[in-house]
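Engineer: Listed here are the chains, written in short residue letters.
Protein chains: 2
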Amino acid sequence: MSTERTEISTLGEFGLIEHLTKNIELQNASSVLGVGDDAAVIDHFGKQTVITTDLLVEGVHFDLLYTPLRHLGYKSVIVNLSDIYAMNATPTQITLSIGISNRFSVEALDEFYEGVYAACDKYAVDLVGGDTTSSQKGLIISVTAIGEVTPDKYVKRSTAQKGDLLCVSGYLGAAYVGLLFLEREKKIYIESPGVQPDLEGESYVIGRMLKPEARKDIIDFFAASDVVPTAMMDISDGLSSEILHICRQSQLGCILYEEKIPIAEEMKKAAFKFEIDPTACALSGGEDYELIFTIPQSEYDKLVLNEEISVVGYMTGPEEGVYIITKGGGKHAITAQGWNHLAQ
Amino acid sequence: MSTERTEISTLGEFGLIEHLTKNIELQNASSVLGVGDDAAVIDHFGKQTVITTDLLVEGVHFDLLYTPLRHLGYKSVIVNLSDIYAMNATPTQITLSIGISNRFSVEALDEFYEGVYAACDKYAVDLVGGDTTSSQKGLIISVTAIGEVTPDKYVKRSTAQKGDLLCVSGYLGAAYVGLLFLEREKKIYIESPGVQPDLEGESYVIGRMLKPEARKDIIDFFAASDVVPTAMMDISDGLSSEILHICRQSQLGCILYEEKIPIAEEMKKAAFKFEIDPTACALSGGEDYELIFTIPQSEYDKLVLNEEISVVGYMTGPEEGVYIITKGGGKHAITAQGWNHLAQ
Numbered sequence: 000m001s002t003e004r005t006e007i008s009t010l011g012e013f014g015l016i017e018h019l020t021k022n023i024e025l026q027n028a029s030s031v032l033g034v035g036d037d038a039a040v041i042d043h044f045g046k047q048t049v050i051t052t053d054l055l056v057e058g059v060h061f062d063l064l065y066t067p068l069r070h071l072g073y074k075s076v077i078v079n080l081s082d083i084y085a086m087n088a089t090p091t092q093i094t095l096s097i098g099i100s101n102r103f104s105v106e107a108l109d110e111f112y113e114g115v116y117a118a119c120d121k122y123a124v125d126l127v128g129g130d131t132t133s134s135q136k137g138l139i140i141s142v143t144a145i146g147e148v149t150p151d152k153y154v155k156r157s158t159a160q161k162g163d164l165l166c167v168s169g170y171l172g173a174a175y176v177g178l179l180f181l182e183r184e185k186k187i188y189i190e191s192p193g194v195q196p197d198l199e200g201e202s203y204v205i206g207r208m209l210k211p212e213a214r215k216d217i218i219d220f221f222a223a224s225d226v227v228p229t230a231m232m233d234i235s236d237g238l239s240s241e242i243l244h245i246c247r248q249s250q251l252g253c254i255l256y257e258e259k260i261p262i263a264e265e266m267k268k269a270a271f272k273f274e275i276d277p278t279a280c281a282l283s284g285g286e287d288y289e290l291i292f293t294i295p296q297s298e299y300d301k302l303v304l305n306e307e308i309s310v311v312g313y314m315t316g317p318e319e320g321v322y323i324i325t326k327g328g329g330k331h332a333i334t335a336q337g338w339n340h341l342a343q
Numbered sequence: 000m001s002t003e004r005t006e007i008s009t010l011g012e013f014g015l016i017e018h019l020t021k022n023i024e025l026q027n028a029s030s031v032l033g034v035g036d037d038a039a040v041i042d043h044f045g046k047q048t049v050i051t052t053d054l055l056v057e058g059v060h061f062d063l064l065y066t067p068l069r070h071l072g073y074k075s076v077i078v079n080l081s082d083i084y085a086m087n088a089t090p091t092q093i094t095l096s097i098g099i100s101n102r103f104s105v106e107a108l109d110e111f112y113e114g115v116y117a118a119c120d121k122y123a124v125d126l127v128g129g130d131t132t133s134s135q136k137g138l139i140i141s142v143t144a145i146g147e148v149t150p151d152k153y154v155k156r157s158t159a160q161k162g163d164l165l166c167v168s169g170y171l172g173a174a175y176v177g178l179l180f181l182e183r184e185k186k187i188y189i190e191s192p193g194v195q196p197d198l199e200g201e202s203y204v205i206g207r208m209l210k211p212e213a214r215k216d217i218i219d220f221f222a223a224s225d226v227v228p229t230a231m232m233d234i235s236d237g238l239s240s241e242i243l244h245i246c247r248q249s250q251l252g253c254i255l256y257e258e259k260i261p262i263a264e265e266m267k268k269a270a271f272k273f274e275i276d277p278t279a280c281a282l283s284g285g286e287d288y289e290l291i292f293t294i295p296q297s298e299y300d301k302l303v304l305n306e307e308i309s310v311v312g313y314m315t316g317p318e319e320g321v322y323i324i325t326k327g328g329g330k331h332a333i334t335a336q337g338w339n340h341l342a343q
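Here the protein sequences come in this chain order: A and B. No gaps in the numbering here: position 78 of the first sequence is 77 in numbering that gives the first Met the number 0, and each next residue is one more. No gaps in the numbering here: position 312 of the second sequence is 311 in numbering that gives the first Met the number 0, and each next residue is one more.
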């Protein structure tokens, strides 16, 4: 990172936009017109358009004390792409608006956009528009993502069927444990600024928090295997919260098996350092950006081939409720303990 | 307005979203799936998709001391629709994200959304998604609008031709004068809270500031008259700034005639109360949300029929520069004095 500091005011709003977007190369044939006009034009050929948006506010969704701007830019894109994949769609474009206070330099913004463009490159998505303005306090980020899906192949939350298998991708709960480490080190840093952060050996959980990925591979696998989930969403608020969404919107109950919840060894060790239960992290921790979905039992043979997918339970009738069977054999109702920014 | 106050925390995030969106009725056949899932699905039949986004921050873009929340909701939508019309496209969907601090009640949010839905109704646009979160300070609004345009009928800023007529819709500069009144009354109110605001007789200019409309009628007129402008954009930062955009992006010069700039009588009187030049308000004031566009001289006969359109000048070669001919016959270079939030 350069130590230069160029004040944003030296560029002006339009100069800043030009500065930040001059290296964009559009990747999709459908990106007919990108940044630089009132709106972006996207062409579709018999495809359906999928659109999602997220608003990220400093001090609410991220803490710049321990979040490198490059990672923040990357993650701001990823969380939206994850929503597009959760529809069984392929993201094609994003728009990005940011509100910034004058404490940010052009170099700082460059770092942020480096992360944005890295995510766009990796997922073959075009940044096609946005808005750049000032904020009175803190950094504000709004991303909208647009995707394509073959007509009627999109997957909602409300269409799970009784008897379906409940599945998740990857490993759960690690991002939350990563956050605990970062918050701990922040507290130590504030109390004793001279002390170096001790994040040794925790790169897995911290990486899951600061630099998540979206599960494009799972969507590609569905297409290649001719699988269409009956219901799907991404796991951003914790497994409990998402299971309750699918059950409520599909008007079903469900049984979840604790022993089937995929938990990485590194996360388990890290959670024990905080003397917290890894299962609780998976159930109530947020920001995993894995996928949760349901498939008919008849499709099970196709999923077995994919090590990134775990069957964690099955859907029941609504009268049977939403339960977890613990490793000890206990049966407990699942309650929502996902992140709730508004309750803070 | 009700005097009840329901704390947002009593609803929770999802309860709040449900509360705010439960009355949505989708208007467009293309709105296949709206609020309530990870993303919205939009179907298009051989149309191109147009998308634009704006981020509005309290204290930067609006002042709640004199902006009724209902008007703010309305305007937040309008400014984005205006960008879609400026592409010669028809808006079909919006997404809306808001960040709110706990000083807002559910009733206050209801008022805001009433305005949002009023704009959606009037312009036949569907709200299909969004995000609701907390902010540490102030209200944050991010709107993304999506529109359709017949393939290759969209109009950019960069395609004006030498010799084209330069045209604008409606009347310019009034929103800025309205803002001056509101800021004056705010100052008086802060100094002497007992004094009633004196906005008598200024409903035109204040209405232009607080409750602008988007020029759907102009786009409809183009379609009915078989006119496609060579270049177009909306006037949000002032006439000077937008003319410079079109000239720079089209690599042309231009002559603007002061006497042709459309200025409403009510605005002229109001400007004189502040002892400012109405022309300066039109050139440098923002937030008019009128359209500026260029057409070949051969299309002039078609425009004459529309009283809402004024020819204000013509495009020249780039070597001839960008000038205004004043009423006194003077010739002055046009410089950008539009609103620049980042320079504040």
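Among the hints, a few may not be true.
[What the hints assert, rightly or not] Examples of chain A residues lying across from chain B (beta carbon under 7 Å, computed):
(1) HIS43
(2) ASP53
(3) GLY58
(4) GLY98
(5) SER100
(6) SER104
(7) THR132
(8) ILE187
(9) SER191
(10) SER224
(11) GLN296
(12) SER297
(13) LYS301
[Said to hold, decoys possible] When the alpha-carbon atoms are kept at most 30 Å apart in a straight line, the in silico DSS-like pairs for lysine-lysine are as follows:
(14) LYS268(B) with LYS215(A)
(15) LYS259(A) with LYS186(A)
(16) LYS326(B) with LYS136(A)
(17) LYS301(B) with LYS272(B)
(18) LYS46(A) with LYS185(B)
(19) LYS21(B) with LYS21(A)
(20) LYS210(B) with LYS186(B)
(21) LYS46(B) with LYS152(A)
(22) LYS136(A) with LYS185(B)
(23) LYS46(A) with LYS259(B)
(24) LYS21(A) with LYS152(A)
(25) LYS272(B) with LYS326(B)
(26) LYS121(A) with LYS46(B)
(27) LYS46(A) with LYS267(B)
(28) LYS330(B) with LYS46(A)
(29) LYS46(B) with LYS21(A)
(30) LYS136(A) with LYS259(B)
(31) LYS185(B) with LYS267(B)
(32) LYS136(B) with LYS186(A)
(33) LYS161(B) with LYS21(A)
(34) LYS210(A) with LYS330(B)
(35) LYS210(A) with LYS161(A)
(36) LYS301(B) with LYS215(B)
(37) LYS136(A) with LYS186(B)
(38) LYS152(A) with LYS185(B)
(39) LYS272(B) with LYS161(B)
(40) LYS152(B) with LYS46(A)
For the record, the hints were derived by calculation from the structure and aren't laboratory data. None of these values were measured; they are calculated from a predicted model. Virtual Cβ for every residue (Gly too), placed ideally from N, Cα, C.
Engineer: Could you check the structure against the hints above and give me the numbers of any it violates, in ascending order?
Structural biologist: 5, 6, 8, 9, 10, 11, 12, 13, 14, 15, 16, 17, 18, 19, 23, 24, 27, 28, 30, 34, 35, 38 and 39
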